[in-house]
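Enquirer: Line order of the protein sequences matches chains A and B.
Each residue of the first sequence is one higher than the one before, starting from 1 at the first, in my numbering.
Each residue of the second sequence is one higher than the one before, starting from 1001 at the first, in my numbering.
Just so you know, the hints here were simulated from the structure itself, not pulled from any lab data.
Be a bit skeptical, because a hint or two may be false.
[Said to hold, decoys possible] DMTMM-like cross-link-like pairs, simulated, lysine to aspartate or glutamate; straight-line CA separation at most 20 angstroms:
id	chain 1	residue 1	chain 2	residue 2
1	A	Lys85	A	Asp70
2	B	Lys1305	A	Glu76
3	B	Lys1529	B	Asp1339
4	B	Lys1305	A	Glu247
5	B	Lys1305	A	Glu150
6	A	Lys119	A	Glu141
7	A	Lys125	A	Glu76
8	A	Lys39	A	Glu76
9	B	Lys1529	B	Glu1608
10	A	Lys65	B	Glu1179
11	A	Lys125	A	Glu147
12	B	Lys1571	B	Asp1110
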Amino acid sequence: MSEQNAMQTGSGSVLQVQSLSKSFGGLQAVCDVSFDVGKGELLALIGPNGAGKTTCFNMLMGQLKPSSGDVFLNGEKITGMLPRKVWRKGVGRTFQITGTYASMTVIENIQMALISHHKRLYSLKPFATRLYRDEAMALLELVGMPEQAERACAILAYGDLKRLELAIALCHQPTLLLMDEPTAGMAPRERIGLMQLTADIVQQRSISVLFTEHDMDVVFAHAHRIMVLNRGELIANGSVDDIRNNEMVQQVYLGGGSVFASESDDA
Amino acid sequence: MGLFIAQVLTGLANAATLFLVASGLSLIFGVTRIVNFAHGSFYMLGAFVGYSLMQVLPGAIGFWSSVLLSGLIVGLIGVIVEVLVLRPVYKAPELFQLVATFGVILVIQDLALLVWGAEDVLGPRAPGLKGVVRILGEPVPLYDLALIAMTPFVLFALWYLITRTRIGVLVRAATQDREMVAALGVNQSWLFTGVFFLGAALAGLGGAIQLPKGGADLLMDFNILAAIFVVVVIGGMGSLPGAYIAAVLISVLNVFGVSYIPQSTLVLMFVVMAVVLTIRPYGLLGREEVAGEHGQVGEPERPIKPASVRTRWIVAALLLLLLALPLAGSHFLVILATDIIIFCLFAASLHFLLGLGGLVSFGHAAYFGGGAYVAALLVSQANAPMELAFLLAPVGAGMAAVIIGWLCLRLTGVYFAMLTLALAQLLWSLVFQWDEFTGGDDGIVDIWPSAWLSDANTYFVFTVIVGVGGIILLRHIAHSPFGYALRASRDSQRQAEATGIHTKRVQWMAFSLAGALAGVAGALFVFSKGSVFPNELEIAKSFDGLIVVFLGGVKTLSGGVVGAASFELVKDYLTRFEYWRLALGLLIIVVVILAPYGIVGSLRRVYERFTTKSVVPS
């Protein structure tokens, strides 16, 4: 594993994670995890439920403070920094369970993030609905839902909410996107579509992406590299083919239900 | 030493009542998520019912069975309230039910007046426990010792019921996840009714058991309310042992306060609470509420739009019409309209917090009354001209909101609400007890506007400009980036924080702004009346604000103003009758049941039913 790491760190990594650990009381949720995310790379983090993927994500963007270890963004230490500050450094995030503003329209959801990006949150004078409309509309077109702009966010279908979240995450032209199960809860065809969309966008804009995913079709189709997390430890890290043929990974995913006696949600 | 022990014992005895009533409140809230404002009324009923029973039932057996019977009877009254008033509105938006419980307070107040009259009644002493024992030379009533001995058993019995029985399992499960309990086949409505019975019965017992020490009067419902909220918050929501410890702490400190610092007994309780919550934000034995992102109850608020040009013209025309009101020549009408506009501004500032921010403040009167007192004190103590006092009133109220907001915003949900209430009470007790400075109960009188505003008609025009200006300002801010950030912080704090919004700061600023505008309303008020009294910042005033915001419709932009205007009008009409509380209470309950989305929200639904064809979104 150390060889692989050394290999990938070479060409300008965006995110560096160094022996990150988190324990909740006696439970070691994430244990000594280290990896890099290269520029423009689509990196998948996979693992069974409860492996520590979401915990890992929450530590990267500051929703959780790590017990030990460090996170560097473009060489700057961001360990334990608050989410809103990490966001200002150019990291976007989508959530496993979507978090949108139910009382606003679709386009207003994006305008809200744009207002924040342009640092006009405390402005009292202009009408918010008139700010950055074109920019917001362009983002909606990018994720393919311009005709939904004026609909109330509360009545959107789940797949559209996921796309909306993606548009929100792109508002501040991030250099890194963290996507926690971007296709969870979507129909199979939609999953492929959304992931293809994401891949196209990030490639155009050379954004790096770290994502978790349970659907192996999605992972194998789009990831440049895959890391496997099991019981808080990174057990494999390599190319799609490496992982596909890795015995330990097959053991974890296919080796019956014995890996985890009781499966719990990894929220 | 003897005196010290005697005082501790008195405190422990007083804690019995406080614990009984507070644990009932805590139980009801835990399971039904209803903040039962009427809990003090159940306590008062317990005292009156107990008094009447003790007149009929003789001897020691009669006394104690009266106590138990009062608990039972008040419990049944609680059941009636739950079934008739609350059941129809469980589906309404969160916290809407508290409006209904407020209606119940008014109804019970007048019914008690009708049955028992306006005179305070002196409770009979407990047969067989009339004497005193001397402990280290100090007399201690036997009844006190009986109460002290009894309370731990009550605590144990309740604790056993909640943690060791099947009913207790259901209650605890419902406290954590009502929907899941319902899905497992538990009849939720009867569980709610049962808990309401128990909670009300505990309040009734508390009322009856304190009769030999305190008697019964018509003010005891509001008088105990702040204290039990404080006990529940200090002890930790839902923790019975916590409630007991807090009740003892408050009662014992209160006894010492009375002997050593009689000028600040009321303040003491709130200081203790502030200290406890600074160290342990969720109370002594409470735990942080793991709310999860369940979102709001009921349908979410609709997206808002800036008013169209047509609407603006209509509003402008109506305003001109309003400004022409003095031409009608009715002095009474002008005064009434002034009152209504002031109340509307107060309600609009609370609605800004509650509706847009999702921040339920139970103590908003602090800033209204605070603004009024700042202005009045500047005039009476510093001889400031009216104009300066008027400008500084919102500054003072805003400063209070900055401090209180900072303290309260460390908490969320009902803890936040309770803390705002308690801190507002702190301000009230300061004003009430600091006689030399604030005039105490006698208030501050003779505060009139400058000569150019002294005419009622001119002052009315001034009120329209400032008051309606404030309302329009708040409405505009709702549409501004700041207003959107406030709504975003309410809708999904997680997403807001992950997109660079400092949600606590946004909420803090909104809290301060709402406080400052309530202060403007307070300043308008004091110069229109020429005087101010402590009741302008007491609980009842805060509740009035909450009631009108909910009645008008929390999830509509104009809810606060519409609710305030209709409430003030109706109240002005009804207060001419003797039993106006009864009428107003019943009216509130009827409106709550008929219009569970508030006046504006429910009217909009009716309108939409008639105008829109059912469109299925594709």
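Enquirer: None of the hints should be skipped; say for each whether it holds.
Expert: A quick look at each hint next to the structure:
Straight-line distance between C-alpha atoms of A/Lys85 and A/Asp70 comes to about 16 angstroms, which keeps the hinted pair within the 20 angstroms bound. A hinted pair counts as satisfied when its Cα atoms are at most 20 angstroms apart, and B/Lys1305 with A/Glu76 does not qualify at roughly 42 angstroms. Only pairs whose Cα atoms come within 20 angstroms are accepted, and B/Lys1529 paired with B/Asp1339 is accepted, the gap being roughly 9 angstroms. Distance restraint check for B/Lys1305 and A/Glu247: the Cα-Cα separation of roughly 58 angstroms exceeds the 20 angstroms cut-off, and the hinted pair is therefore not satisfied.
A distance of roughly 11 angstroms separates the Cα atoms of B/Lys1305 and A/Glu150; the hinted pair therefore holds under the 20 angstroms criterion. A hinted pair counts as satisfied when its Cα atoms are at most 20 angstroms apart, and A/Lys119 with A/Glu141 does not qualify at roughly 24 angstroms. A C-alpha spacing of about 36 angstroms is found between A/Lys125 and A/Glu76, which places the hinted pair above 20 angstroms, so the restraint is violated. For the hint linking A/Lys39 to A/Glu76, the alpha-carbon distance of about 15 angstroms falls within 20 angstroms, and the restraint holds.
Only pairs whose Cα atoms come within 20 angstroms are accepted, and B/Lys1529 paired with B/Glu1608 is rejected, the gap being roughly 42 angstroms. Proposed proximity of A/Lys65 and B/Glu1179 is contradicted: the alpha carbons are some 32 angstroms apart, above 20 angstroms. Distance restraint check for A/Lys125 and A/Glu147: the Cα-Cα separation of roughly 29 angstroms exceeds the 20 angstroms cut-off, and the hinted pair is therefore not satisfied. Under the criterion of a C-alpha separation no larger than 20 angstroms, the hint pairing B/Lys1571 with B/Asp1110 is consistent with the structure, at around 15 angstroms.
When each numbered hint is compared with the structure, violations occur for hints 2, 4, 6, 7, 9, 10 and 11.
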